[in-house]
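A.B. asks: Now for the letters of each chain:
4 protein chains.
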Amino acid sequence: METSERPESVVARPGKRERTHAQLVDAALRVIARKDAAALSILELAHEAEVSHGTVYNYFRTREEIVDAVALRLADDFSEQQSQMFAGLEEGAARLTLAVRHFVLRAAEDRAWGLVFLRVSAAAARLGHTVTLKTLGNLRRGLKAGTFRYESEAAALDLVFGTTLAGMRTVLDGRAGRGHDRDIAYTVLRGLGATRSEAERLVARPFPDLDAAGGTAVGSNAGARRSPPPRSR
Amino acid sequence: METSERPESVVARPGKRERTHAQLVDAALRVIARKDAAALSILELAHEAEVSHGTVYNYFRTREEIVDAVALRLADDFSEQQSQMFAGLEEGAARLTLAVRHFVLRAAEDRAWGLVFLRVSAAAARLGHTVTLKTLGNLRRGLKAGTFRYESEAAALDLVFGTTLAGMRTVLDGRAGRGHDRDIAYTVLRGLGATRSEAERLVARPFPDLDAAGGTAVGSNAGARRSPPPRSR
Amino acid sequence: METSERPESVVARPGKRERTHAQLVDAALRVIARKDAAALSILELAHEAEVSHGTVYNYFRTREEIVDAVALRLADDFSEQQSQMFAGLEEGAARLTLAVRHFVLRAAEDRAWGLVFLRVSAAAARLGHTVTLKTLGNLRRGLKAGTFRYESEAAALDLVFGTTLAGMRTVLDGRAGRGHDRDIAYTVLRGLGATRSEAERLVARPFPDLDAAGGTAVGSNAGARRSPPPRSR
Amino acid sequence: METSERPESVVARPGKRERTHAQLVDAALRVIARKDAAALSILELAHEAEVSHGTVYNYFRTREEIVDAVALRLADDFSEQQSQMFAGLEEGAARLTLAVRHFVLRAAEDRAWGLVFLRVSAAAARLGHTVTLKTLGNLRRGLKAGTFRYESEAAALDLVFGTTLAGMRTVLDGRAGRGHDRDIAYTVLRGLGATRSEAERLVARPFPDLDAAGGTAVGSNAGARRSPPPRSR
DNA sequence: CATGAATGAGCCTTCATTCAT
DNA sequence: GATGAATGAAGGCTCATTCAT
Numbered sequence: 001m002e003t004s005e006r007p008e009s010v011v012a013r014p015g016k017r018e019r020t021h022a023q024l025v026d027a028a029l030r031v032i033a034r035k036d037a038a039a040l041s042i043l044e045l046a047h048e049a050e051v052s053h054g055t056v057y058n059y060f061r062t063r064e065e066i067v068d069a070v071a072l073r074l075a076d077d078f079s080e081q082q083s084q085m086f087a088g089l090e091e092g093a094a095r096l097t098l099a100v101r102h103f104v105l106r107a108a109e110d111r112a113w114g115l116v117f118l119r120v121s122a123a124a125a126r127l128g129h130t131v132t133l134k135t136l137g138n139l140r141r142g143l144k145a146g147t148f149r150y151e152s153e154a155a156a157l158d159l160v161f162g163t164t165l166a167g168m169r170t171v172l173d174g175r176a177g178r179g180h181d182r183d184i185a186y187t188v189l190r191g192l193g194a195t196r197s198e199a200e201r202l203v204a205r206p207f208p209d210l211d212a213a214g215g216t217a218v219g220s221n222a223g224a225r226r227s228p229p230p231r232s233r
Numbered sequence: 234m235e236t237s238e239r240p241e242s243v244v245a246r247p248g249k250r251e252r253t254h255a256q257l258v259d260a261a262l263r264v265i266a267r268k269d270a271a272a273l274s275i276l277e278l279a280h281e282a283e284v285s286h287g288t289v290y291n292y293f294r295t296r297e298e299i300v301d302a303v304a305l306r307l308a309d310d311f312s313e314q315q316s317q318m319f320a321g322l323e324e325g326a327a328r329l330t331l332a333v334r335h336f337v338l339r340a341a342e343d344r345a346w347g348l349v350f351l352r353v354s355a356a357a358a359r360l361g362h363t364v365t366l367k368t369l370g371n372l373r374r375g376l377k378a379g380t381f382r383y384e385s386e387a388a389a390l391d392l393v394f395g396t397t398l399a400g401m402r403t404v405l406d407g408r409a410g411r412g413h414d415r416d417i418a419y420t421v422l423r424g425l426g427a428t429r430s431e432a433e434r435l436v437a438r439p440f441p442d443l444d445a446a447g448g449t450a451v452g453s454n455a456g457a458r459r460s461p462p463p464r465s466r
Numbered sequence: 467m468e469t470s471e472r473p474e475s476v477v478a479r480p481g482k483r484e485r486t487h488a489q490l491v492d493a494a495l496r497v498i499a500r501k502d503a504a505a506l507s508i509l510e511l512a513h514e515a516e517v518s519h520g521t522v523y524n525y526f527r528t529r530e531e532i533v534d535a536v537a538l539r540l541a542d543d544f545s546e547q548q549s550q551m552f553a554g555l556e557e558g559a560a561r562l563t564l565a566v567r568h569f570v571l572r573a574a575e576d577r578a579w580g581l582v583f584l585r586v587s588a589a590a591a592r593l594g595h596t597v598t599l600k601t602l603g604n605l606r607r608g609l610k611a612g613t614f615r616y617e618s619e620a621a622a623l624d625l626v627f628g629t630t631l632a633g634m635r636t637v638l639d640g641r642a643g644r645g646h647d648r649d650i651a652y653t654v655l656r657g658l659g660a661t662r663s664e665a666e667r668l669v670a671r672p673f674p675d676l677d678a679a680g681g682t683a684v685g686s687n688a689g690a691r692r693s694p695p696p697r698s699r
Numbered sequence: 700m701e702t703s704e705r706p707e708s709v710v711a712r713p714g715k716r717e718r719t720h721a722q723l724v725d726a727a728l729r730v731i732a733r734k735d736a737a738a739l740s741i742l743e744l745a746h747e748a749e750v751s752h753g754t755v756y757n758y759f760r761t762r763e764e765i766v767d768a769v770a771l772r773l774a775d776d777f778s779e780q781q782s783q784m785f786a787g788l789e790e791g792a793a794r795l796t797l798a799v800r801h802f803v804l805r806a807a808e809d810r811a812w813g814l815v816f817l818r819v820s821a822a823a824a825r826l827g828h829t830v831t832l833k834t835l836g837n838l839r840r841g842l843k844a845g846t847f848r849y850e851s852e853a854a855a856l857d858l859v860f861g862t863t864l865a866g867m868r869t870v871l872d873g874r875a876g877r878g879h880d881r882d883i884a885y886t887v888l889r890g891l892g893a894t895r896s897e898a899e900r901l902v903a904r905p906f907p908d909l910d911a912a913g914g915t916a917v918g919s920n921a922g923a924r925r926s927p928p929p930r931s932r
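Chains as they are written, first to last, in this note's numbering: chain A, 1 to 233; chain B, 234 to 466; chain C, 467 to 699; chain D, 700 to 932.
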């Protein structure tokens with residue numbers, strides 16, 4: 001601690017508060033990667049962030065605020081990556097395909113991130129909201145373009161979220177091999193009413209390279225981004 | 234409850250142990266309907282079951298054992314009801330359709346049961362196993378019959394479970410109206426590769442009457458079993 | 467349990483009560499060999515004796531009664547063995563020497579017994595009383611015979627008990643090798659005022675064979691009774 | 700207690716942690732003077748120390764840590780007093796004599812301290828270690844000087860500790876009068892091989908005055924330090 | 001702001017004990 | 001006599017939270 005430098009007032013560089021905040025959210029991510037989000041304790045968080053537990057109270061007042069902050073961080077990452085991934089990609093169905101694959105793939109590559117995502121999405125509505133909004137746009141675009149042919153938008157959302165999260169869980173449990181991202185995306189597309197050939201075409205598209213993009217890496221088994229070439233159906 | 238058979242005395246000799254066990258599982262269901270399964274406390278359970286907390290320890294040694302017992306009860310109920318519902322129904326696709334609709338519908342009818350099911354299935358692998366086994370059979374039958382045309386069985390399971398659970402959640406959150414059971418089932422069937430007309434036909438079939446069947450009612454807003462007639466697509 | 471034989475009254479063979487009692491004391495010995503005597507729990511005792519915990523209450527009302535029963539058993543064993551060992555041996559100093567050696571040796575041979583003895587003697591005054599009485603006689607005889615030359619009888623008793631118990635502890639902790647029984651006895655004899663040659667002579671006497679004698683074996687690494695020949699001093 | 704320095708405020712800034720720690724160890728001493736060390740409960744300790752039970756956990760995580768801390772305190776006291784007592788005293792036999800007498804005498808003067816010492820030494824190996832090391836040096840010095848003539852060092856240690864502790868117990872039980880410290884010391888010296896005249900000379904030496912020295916007084920029947928003049932043998 | 005001592009609510013767990021069968 | 005279901009006292013432990021420095 002560099003408190004000794006300060007003669008009278010706090011000389012802290014601008015952004016000190018932001019840095020500590022980020023440090024705490026980082027720590028929370030690591031903790032949640034280990035235990036369930038509901039089990040996150042202030043004490044453990046403080047220890048992981050290497051600050052006194054009293055300090056945590058300068059930033060969050062309840063455990064829920066912490067989980068929310070983590071959710072916000074994940075949601076921002078998500079938005080950020082979507083933007084990059086979708087640069088120059090207008091087709092709603094294509095965007096949705098990439099988004100679904102992205103989640104499953106990332107869970108496979110960064111197991112810790114996957115666990116955190118599932119746990120936080122179960123605990124914080126906030127995360128769901130952000131993702132829902134983005135998804136809804138893509139769904140409607142695909143519907144308008146005629147690629148999708150669903151009747152119930154609510155059921156369509158359940159399909160997309162439910163299947164994707166289940167797919168992530170399957171990957172995290174080691175019950176699926178490479179290519180599960182494509183299988184899940186294909187299944188979702190079919191459920192939305194895409195024809196076989198459309199779905200195959202969408203799923204066959206290569207993944208834009210976004211390794212450079214960053215985002216919050218929780219663990220670090222930065223894996224091979226490529227899933228194997230799609231099986232022909 | 235059959236306590237009504239012995240209107241005055243509480244002594245209950247034979248089967249005492251079984252009775253108390255059931256009483257505890259009942260209480261656990263009610264508690265989980267209120268709070269998350271992970272938050273279930275022995276103390277609270279004892280209070281709800283109106284026994285001393287020491288008694289709980291005569292039956293369960295950890296909270297997990299309790300949740301497992303609840304899961305077992307739900308799984309047994311599930312199997313039981315499947316058997317009744319499927320009596321004389323051979324077609325895998327038809328069975329699957331009914332099962333999916335059943336879950337969504339029941340969540341709508343008995344909100345407490347729905348909450349319990351979601352919470353327990355998140356906490357106890359046991360429940361998932363039972364359901365998976367039953368589902369797998371129906372999937373394969375449908376595949377062999379040519380109704381389903383999926384490639385990846387893992388993705389198909391993710392589709393069925395993920396979408397159904399998401400549909401239950403949507404219903405519990407009040408974000409879907411009557412008929413969501415049919416919408417969810419229709420979506421799942423399409424995702425499994427059923428044609429539009431097949432899916433419509435399957436979804437249009439009336440629901441066998443199983444109100445008489447019993448099973449574990451947690452809350453008691455025993456609702457109107459009938460969902461509205463299917464919309465034409 | 468053979469309760470089914472009984473048509474109206476308890477047919478139990480005479481001595482049934484005594485047998486169950488002995489069974490409980492046996493079990494208590496085994497339990498104390500594992501944990502400290504103060505930690506002895508009715509529950510654990512019942513389990514070890516393979517009776518219901520309710521049964522224990524038909525025999526003992528408090529934990530102390532149990533420990534006392536164990537102490538009584540050990541004291542009886544002690545008296546019994548002394549009698550056998552001392553058959554035809556009048557000399558007080560010789561008797562004391564054998565008694566001291568016996569304790570240390572037996573602790574080495576039957577570790578469980580040693581632990582039990584130390585633990586029970588720490589918890590139950592009863593055991594100490596019995597041993598004291600026997601010892602006192604031998605001390606006084608030795609004094610009268612001129613072999614011992616101590617002033618304070620209280621200090622002499624402290625010497626005998628303290629050193630012997632410490633010697634047992636040392637053996638049980640594995641901090642002493644073969645022959646510690648003789649070393650301890652020699653030291654005690656010297657402390658009581660015996661001359662070097664007297665002490666050597668007393669310690670050199672062979673140990674009467676009492677393997678056949680029985681007594682309560684707790685563990686069962688029935689060891690080589692012989693300690694190595696005395697070192698010459 | 701030096702709280703008297705700050706008569707009004709309780710805030711105690713610097714050294715707060717150390718103070719509370721000492722306060723807890725003090726309380727533990729008082730509790731152990733009442734009950735057995737194994738029965739020490741965190742709750743009771745907290746109550747005795749007049750802090751919340753949560754506070755105790757900020758200092759000790761298990762009961763054993765507490766007993767260890769008490770043992771450490773006793774061991775430090777012991778070392779401290781030995782140093783004072785032995786100032787300018789080189790002879791091993793003389794030191795040992797004083798040490799043995801000191802223990803017995805102190806048990807007589809401060810009954811609570813004696814109980815604590817016996818109980819803690821039974822529960823914490825730590826205490827034994829410290830005392831052993833100090834004793835060993837004195838034993839070897841006496842052996843080299845020719846005052847002692849023992850063969851087995853292990854048996855010699857058993858003699859010293861066993862007899863001294865037994866002597867303390869006898870005093871605490873009220874089964875010995877004034878002068879037991881000298882009787883015990885004399886007996887120990889004889890057991891170590893000292894001649895009668897040597898032992899008498901050693902035991903006759905006056906006790907250095909160390910009342911001023913302080914150390915941990917548990918009870919406070921600060922007694923007459925002087926034991927009666929040695930009886931002639 | 002950061003720190004960390006102190007607090008107490010709240011849960012967990014073990015067991016002695018009672019009592020109806 | 002033996003059994004075992006039920007009880008509740010007793011203690012253990014964790015943590016969120018407050019507050020003085």
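Hints were generated in silico from the structure; no laboratory data involved.
Incorrect hints may appear among the rest.
To be verified - Derived DSSO-like pairs (lysine-lysine); straight-line CA-CA distance at most 27 Å:
id	chain 1	residue 1	chain 2	residue 2
1	B	Lys-367	B	Lys-377
2	C	Lys-501	D	Lys-843
3	C	Lys-610	C	Lys-600
4	A	Lys-144	A	Lys-134
5	D	Lys-843	D	Lys-833
6	A	Lys-35	B	Lys-268
Claimed, not checked - Pair by pair, the computed Cβ-Cβ distance ranges are:
id	chain 1	residue 1	chain 2	residue 2	range
7	D	Arg-729	B	Ala-450	54 to 60 Å
8	B	Ser-285	C	Arg-500	28 to 34 Å
9	D	Arg-729	C	Gly-481	48 to 54 Å
10	D	Arg-839	C	Asp-492	29 to 35 Å
11	D	Arg-877	B	Ser-285	32 to 38 Å
12	A	Glu-64	C	Glu-510	40 to 46 Å
13	D	Tyr-756	B	Leu-369	47 to 53 Å
14	B	Arg-294	A	His-47	26 to 32 Å
15	A	Arg-61	C	Glu-530	24 to 30 Å
16	C	Ser-545	B	Ser-285	45 to 51 Å
17	D	Arg-733	C	Ser-663	46 to 52 Å
From the three backbone atoms N, C-alpha and C, an ideal C-beta is built for every residue, glycine too.
A.B. asks: If a hint holds in the structure, say so; if it does not, say that too.
C.D. replies: Against the structure, the hints come out as follows:
At most 27 Å may separate the alpha-carbon atoms for a hinted pair to count; Lys-367 of chain B and Lys-377 of chain B meet this at roughly 16 Å. Our distance criterion of 27 Å between C-alpha atoms is broken by Lys-501 of chain C and Lys-843 of chain D, whose separation comes to about 42 Å. Under the criterion of a C-alpha separation no larger than 27 Å, the hint pairing Lys-610 of chain C with Lys-600 of chain C is consistent with the structure, at around 16 Å. For the given pair, Lys-144 of chain A sits about 16 Å from Lys-134 of chain A by alpha-carbon distance, which is consistent with the 27 Å threshold.
With a C-alpha separation of about 16 Å, the suggested pairing of Lys-843 of chain D with Lys-833 of chain D holds against the 27 Å cut-off. Pair hint Lys-35 of chain A plus Lys-268 of chain B holds up; C-alpha atoms about 19 Å apart against a cutoff of 27 Å. For Arg-729 of chain D and Ala-450 of chain B, the Cβ-Cβ distance of about 59 Å falls inside the hinted range of 54 to 60 Å, so the restraint holds. In this structure the hint that Ser-285 of chain B and Arg-500 of chain C lie 28 to 34 Å apart at CB holds, the actual value being about 30 Å.
Separation of Arg-729 of chain D from Gly-481 of chain C is about 50 Å and conforms to the stated range, judged on CB atoms against 48 to 54 Å. In this structure the hint that Arg-839 of chain D and Asp-492 of chain C lie 29 to 35 Å apart at CB is violated, the actual value being about 46 Å. Checked against the hint of 32 to 38 Å, the C-beta distance between Arg-877 of chain D and Ser-285 of chain B comes to roughly 56 Å, which is inconsistent with it. Checking the proposed 40 to 46 Å range against Glu-64 of chain A and Glu-510 of chain C shows it holds: the Cβ atoms sit about 44 Å from each other.
The given range of 47 to 53 Å is respected by Tyr-756 of chain D and Leu-369 of chain B, whose C-beta atoms sit roughly 50 Å from each other. A beta carbon spacing of about 30 Å between Arg-294 of chain B and His-47 of chain A agrees with the range 26 to 32 Å that was offered as a hint. Separation of Arg-61 of chain A from Glu-530 of chain C is about 53 Å and departs from the stated range, judged on CB atoms against 24 to 30 Å. In this structure the hint that Ser-545 of chain C and Ser-285 of chain B lie 45 to 51 Å apart at CB holds, the actual value being about 47 Å.
At about 50 Å, the CB distance of Arg-733 of chain D to Ser-663 of chain C agrees with the hint of 46 to 52 Å.
The structure does not agree with the numbered hints 2, 10, 11 and 15 stated previously, though it agrees with the rest.
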